[in-house]
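So the protein lines, in turn, are chains A and B.
Using our numbering, you'd call the opening residue of the first sequence number 13 and step up by one each time.
Using our numbering, you'd call the opening residue of the second sequence number 87 and step up by one each time.
The hints are simulated quantities; they were obtained by calculation from the structure and are not laboratory data.
One or more of the hints may lead you astray.
With a straight-line cut-off of 20 Å between C-alpha atoms, the simulated PhoX-like cross-links for lysine-lysine are [as the list claims (entries may be wrong)]:
#, chain 1, residue 1, chain 2, residue 2
1, B, Lys265, A, Lys149
2, A, Lys215, B, Lys255
3, A, Lys279, A, Lys154
4, A, Lys215, B, Lys265
5, B, Lys420, A, Lys440
6, A, Lys215, A, Lys251
7, A, Lys332, B, Lys213
8, A, Lys406, A, Lys351
9, A, Lys307, A, Lys279
10, A, Lys116, A, Lys227
11, A, Lys351, A, Lys307
12, A, Lys292, A, Lys279
13, A, Lys279, A, Lys227
14, B, Lys534, B, Lys306
15, A, Lys215, B, Lys306
16, A, Lys279, A, Lys332
17, B, Lys213, A, Lys215
18, A, Lys237, A, Lys210
19, B, Lys420, A, Lys149
Every value quoted in this text rests on a predicted model; they were computed, and no experiment measured them.
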Amino acid sequence: MEKAKDREMNQINSNIFSIVFFFIVVGVSGQTMFTDVTQDAGIEHVFLVYEGTFGGGATVFDVNNDGFEDIFITSGMSKDALYINNGDGTFLDIYDRSGLDISKNYVTQGAVSADVNRDGHRDLFITTINTTDGSQKIPRAKNLLFLNNGDSTFRDATEAFGLQDLNSFSTGPSFGDFNADGYPDLYIGNYFQNFEGKLGIIKDATIVSANQTAKGYLLINREGKRFENVYEEYNLDHKGFGFGGVFTDFDNDGDQDLLVNQDFGYKAVPNLLYENQYPKNRFEDVGKEKEMDLKINAMGSAVGDYDNDGDMDYYVTNIKFNQFMVNQGPDGVFVDRSKELGTYSLAISWGANFADFDLDGDLDLYVSNGDLNPNCVPMGNFYFENNQGVFTDKGRMTKSNDYGVGRGSVVFDYDNDGDLDILVVNQKPIYEYPVESTTKLLRNDTPKGNYLKVVLNGISAEKNGIGSRVTVVSGGNRMIREIDGGGSSHISQNSTIAHFGLGENTKVDSIIVTWTGGKEQLMLNAPINTLVTLVERPDDPDYFVYFLSIGLVGLLTLLLIYFKKRKRV
Amino acid sequence: MGSRHVSWFIDIVVIFILISGCSTDNSRVSETEVVLKWADMTNHITRYTPSNSPTFASRAYAYIALTMYESVVHGFPDHNSMAGQLNGLDSLPKPDLKQDYNWVLSMNAAQSRIIKSIYQQTSDENKLKIDSLEQVIFEHFSDTLSQDLVDRSINYGERVANAIFEWSKTDGGHRGYLKNFDKNMVHPNFPGSWKPPLYAQSFSHYPLHPHWGENRTFVKANREIPEPYMIPYDTVPGSPYYNQFMEVYTKEQTLTRKEKEAAIWWGDDPDVTFTPPGHSYYIATLVVGEKNPDLIMASEAFAKTAMAVADAFIKCWEWKYHFFSERANTYIPKFIDAEWESFWPDPPFPAFPSGHAIQAASAATVLENTFGEQFVFTDRAHEGRERDEVRDTDFVVRTFDTFWAFAQETADSRFYGGIHTPQDNEVGLEMGKTIANNVIALEWKKQKTAK
């Protein structure tokens, strides 16, 4: 009941805010520009495909807790990279001495990170599709979990967490906390049929059935000690050519729902939207009724409230026709507004990121494009600038239209200057290619606008706030961000630091955090142009339990006295 | 319509045979019905074996149907074996004609053996289904016969199946499902060349069975057919090549409900159906069921149909990779309309000529030669399938007056689907006829020589 009331209030508030918003002058002077700083930053990376098409991605996380975000990038058939941010605009690849080197034996795909065991250090999860030694008759492999030792090294915890028998062709991983216990759980998209344990003698029948659609994995984190696949238990029952999913609260009820992206949705199983029934241990697929059962080649998705109306919208990438799915609220369905919003440009798109690149108070959209490889026609990435709810592709103008064979893209503020930079993972083209195709770091050189960055520190919620939501109210503008647990973009994970452009506003009225599970926390009059860390307020002591305990102790004492007296008699 | 429905259907069929098997009245199941049961089983296995393709399926049908024919042909003195007539098939086991055989039992054993061999990649569950069909037919036809006769008949059928399977191994298509896509092959790249589809039926971006055209044809004469003429590449509006695609584009703007229904009906996607060759085999079951020919005529009809279709696929693939031509989905967005996408997704192989057209024409040519041009029939192959939501179209059963009408609609349906130009279809139909006539021209019947 109370929740419903809250929701109603939120609705009213957001309506008021959108009216107010209408009168605000937005935009900062000057043009957003990106500079390709890949080489200067010391990044030298390209993703090598196994047979074509698939991979790769990147995850942004602060490996050594020095306040500068680092980045792990998968490399497919070649050595992955762990770039430590030196804090001076350069990176150093410490992969060789990081303890991650067994990942060399696997064809890696996507990557996400979260503090799996809640020890204060972000851990790393990598999906794979095969081993690199060519020994597998059917390309499958286990995924890899590495725990962060806290000294910029990792240890392989795949087996310790019970993941070694899940032989899969896994694409996109996503961390979330669907049971709101503070331990980050995982959803993993699988493309071809999974196998449990080692494959014995491989008959022709096994080989021909291997290219069938696959179930995903829903891995619940058992108190930072083990992962357990609860796919069926939680009522997930789909198969598909899965490209992963993203945990997101589409219905504003404080728990994490799951958007699942599937390739070939027009012929195999389409996209799904699973509504979390928390506190019940159950998801319900509402894809059809919310019209999110997109029957397309869904490669990835960007999550964001582009119109600041208080609910999350989704931009789903595809071959040729990307879909901009606008949330119509609790009683409405999602509607594809790609054409009218100006994001209807044709390419083969993979990664997509909503971010306020020009710091004007609304979310712009970056889209990473690339041909299927081996087919290799160059196609530039899109940079859709949001101007009062209408987007214009300014890729060429802002020099962000990289022509590499793009896949996953991530945004983070690597130089801590207050705006969001972009890293795009590019594949090495199998055939001849007219331009360079290597991973690119694009520095955002927008003239200074006001901003705010918010870091969450969960106490009973997930450590970095994965699964939680931050709302910033400034100048009548109400902006929401979900902390990205990964699976957004394409098989990648953006920074977990919530980033807000404030335009010309010089004041933040309030920051509201909705922690996973629905608990809210308010901070008033936060400073701007800085990073604010918000620590979760501990739960109120439960007075009922408190008084009950006192009562019980008292009763026991009385009984003890009574029996002692009886004994004496 | 899931696999459950089909297995339920088969269970019913099996129960029906069981019941009639228990009665002493053998006439309740005719020999022709046994032929049809095996044809249905072949369709079922084709449908429910993963990683199947029209190419591999066409080959499987041909060997299975030829085995059917060869396992009974010596029981019919006016008919010839194909041994010595087909490409590289010099001999096959012969029965001891001084002894008696039960030809149904021979065929029954041979069908079971050859299906399990050619489809060795099918599931154990499917193999069990094959065994149970063999068992019920065996029980039905063997109970009044001597053990010797039974053993001899079964043994002969198995030997024929084994010999044909051995011969099949050298044609270039053996276990072809393991090499659907050659990932090391570099394909040509030129103006008008095939590009991997963006709106695709298959997850593979490599073209299917690039070497299939090199496979051994069943009939030698089919190897020799020269490649047909294809209109040369041109981008100039009004040029013959441009007009081919303009026709596809224009048709797509005005598709009627009936045309859409045809487009999805003949899709016969190997992932969810018995493939286009299966559709032709299915139509053969309709006419055989209706006309009720004897054992040898029924077997001959299947053998001819399936071999004509298999050779049609080999020749078609030879030409597809010779011309390596693009699909409308490549040409139209480039030169006519950037946003255009076909109604039906592209299959993963080059366009010219149409495989659907060539194989349907082959099958229709054989069937009209065998049973006459006129035949009214209702095609229920996809009856009851869930409506196609993506295309907002239902699966509606089709009725035809002639065999050719089915071939023509099959070809047209690819044009409606936006994945074939008129010339792909016209040439496909034409060549399909030629290929089938070479199959018909084999000496199936003994020449009556005047004494």
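We went through each hint and held it up to the structure:
Annotation: proposed proximity of Lys265(B) to Lys149(A) holds, straight-line Cα distance about 13 Å (limit 20 Å). Pair hint Lys215(A) plus Lys255(B) holds up; C-alpha atoms about 18 Å apart against a cutoff of 20 Å. Restraint check for Lys279(A) and Lys154(A): not satisfied, since their Cα atoms lie roughly 28 Å apart, outside the 20 Å limit. Between the alpha carbons of Lys215(A) and Lys265(B) the distance comes to roughly 15 Å, so the proposed pair stays at or under 20 Å and holds.
For the given pair, Lys420(B) sits about 25 Å from Lys440(A) by alpha-carbon distance, which is inconsistent with the 20 Å threshold. Among the hinted pairs, Lys215(A) with Lys251(A) is inconsistent with the structure: their alpha-carbon atoms are about 23 Å apart, more than 20 Å. Of the supplied pair hints, the one linking Lys332(A) and Lys213(B) is violated, its CA atoms being roughly 43 Å apart against a limit of 20 Å. Taking the CA atoms of Lys406(A) and Lys351(A), the gap is near 16 Å; set against the 20 Å cutoff, the hint holds.
For the proposed pair Lys307(A) and Lys279(A), the alpha carbon gap of about 8 Å is at most 20 Å, so the pair holds. Straight-line distance between C-alpha atoms of Lys116(A) and Lys227(A) comes to about 26 Å, which puts the hinted pair past the 20 Å bound. Of the supplied pair hints, the one linking Lys351(A) and Lys307(A) holds, its CA atoms being roughly 18 Å apart against a limit of 20 Å. Restraint check for Lys292(A) and Lys279(A): the C-alpha separation of about 32 Å exceeds 20 Å, so the hint is violated.
Taking the CA atoms of Lys279(A) and Lys227(A), the gap is near 16 Å; set against the 20 Å cutoff, the hint holds. A distance of roughly 25 Å separates the Cα atoms of Lys534(B) and Lys306(B); the hinted pair therefore is violated under the 20 Å criterion. Taking the CA atoms of Lys215(A) and Lys306(B), the gap is near 34 Å; set against the 20 Å cutoff, the hint is violated. Between Lys279(A) and Lys332(A), the direct Cα distance comes to roughly 17 Å. Compliance with the 20 Å bound is thereby established for this hinted pair.
The hinted pair formed by Lys213(B) and Lys215(A) meets the criterion: a straight-line CA distance of about 14 Å does not exceed 20 Å. For the hint pairing Lys237(A) with Lys210(A), the CA-to-CA distance comes to about 23 Å; that exceeds 20 Å, so the pair is violated. Of the pairs offered as hints, the one joining Lys420(B) and Lys149(A) is violated, with about 39 Å between alpha carbons and a cut-off of 20 Å exceeded.
In this structure, the hints that do not hold are numbers 3, 5, 6, 7, 10, 12, 14, 15, 18 and 19, in rising order.
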